[in-house]
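Visitor: Put together the whole structure using the sequences plus the hints.
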Amino acid sequence: MVNSIKEIHEMDAKKTLVLGASTNPSRYSNMAVLKLLNHGHEVVPVGIKKGKIGGIEILSKEDKTAGIETVTLYLGPKNQPQYYDYILDLKPSRVIFNPGTINPEFMKQLADEGVEVVDACTLVMLSVNTY
Numbered sequence: 054m055v056n057s058i059k060e061i062h063e064m065d066a067k068k069t070l071v072l073g074a075s076t077n078p079s080r081y082s083n084m085a086v087l088k089l090l091n092h093g094h095e096v097v098p099v100g101i102k103k104g105k106i107g108g109i110e111i112l113s114k115e116d117k118t119a120g121i122e123t124v125t126l127y128l129g130p131k132n133q134p135q136y137y138d139y140i141l142d143l144k145p146s147r148v149i150f151n152p153g154t155i156n157p158e159f160m161k162q163l164a165d166e167g168v169e170v171v172d173a174c175t176l177v178m179l180s181v182n183t184y
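Counting in this note's numbering, the sequence shown runs from 54 upward without gaps.
Hints in this document: simulated from the structure, not taken from any laboratory. It should be emphasised that the depicted structure is a prediction, and the values quoted were computed from it without experimental measurement. Keep in mind that a hint or two might mislead.
Simulated pairs of lysine-lysine, BS3-like, Cα-Cα distance not exceeding 27 Å [stated by the list, open to error]:
(1) LYS102 / LYS131
(2) LYS161 / LYS144
(3) LYS102 / LYS117
(4) LYS68 / LYS103
Here are the in silico distance ranges between beta carbons for each label pair [to be verified]:
(5) THR183 / ARG80: 30 to 38 Å
(6) SER79 / ASP142: 15 to 23 Å
(7) GLY93 / THR118: 31 to 39 Å
(8) ALA66 / LYS105: 16 to 24 Å
(9) GLY93 / GLU158: 27 to 35 Å
(10) ASP138 / VAL181: 30 to 38 Å
(11) TYR137 / GLY108: 26 to 34 Å
(12) ASP138 / SER180: 26 to 34 Å
Even for Gly, the Cβ is constructed at its ideal location relative to N, Cα and C.
Guide: Have a look at this one:
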């Protein structure tokens, strides 16, 4: 039985990998990590520069992680090909292509693998409760 609002949020929590994470607070990837945390989601920030966001260490693609439900992209299309196999190996249920990340080639590849492809903004999705 569910006893609190917090438990309801935890039941709906989606382990999310934020690809393109940045320690710069003016970057949308940074804002997304913090907002995901505030909404009760487990977050795995992955980026090229080490550091922390909201107390969570930014990992590199060489760091192993499992149980990812959602990948939210903050990398432009030209920077995505080096991550195709990495993302596919995570076996996420969905990949969110935030504004500026739309990549028809990769979107098709993901869809062909049975991954839900979402063309949306993670920050907006969280704000309107559609995440």
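Visitor: Which of the numbered hints above does this structure break?
Guide: 5, 6 and 7
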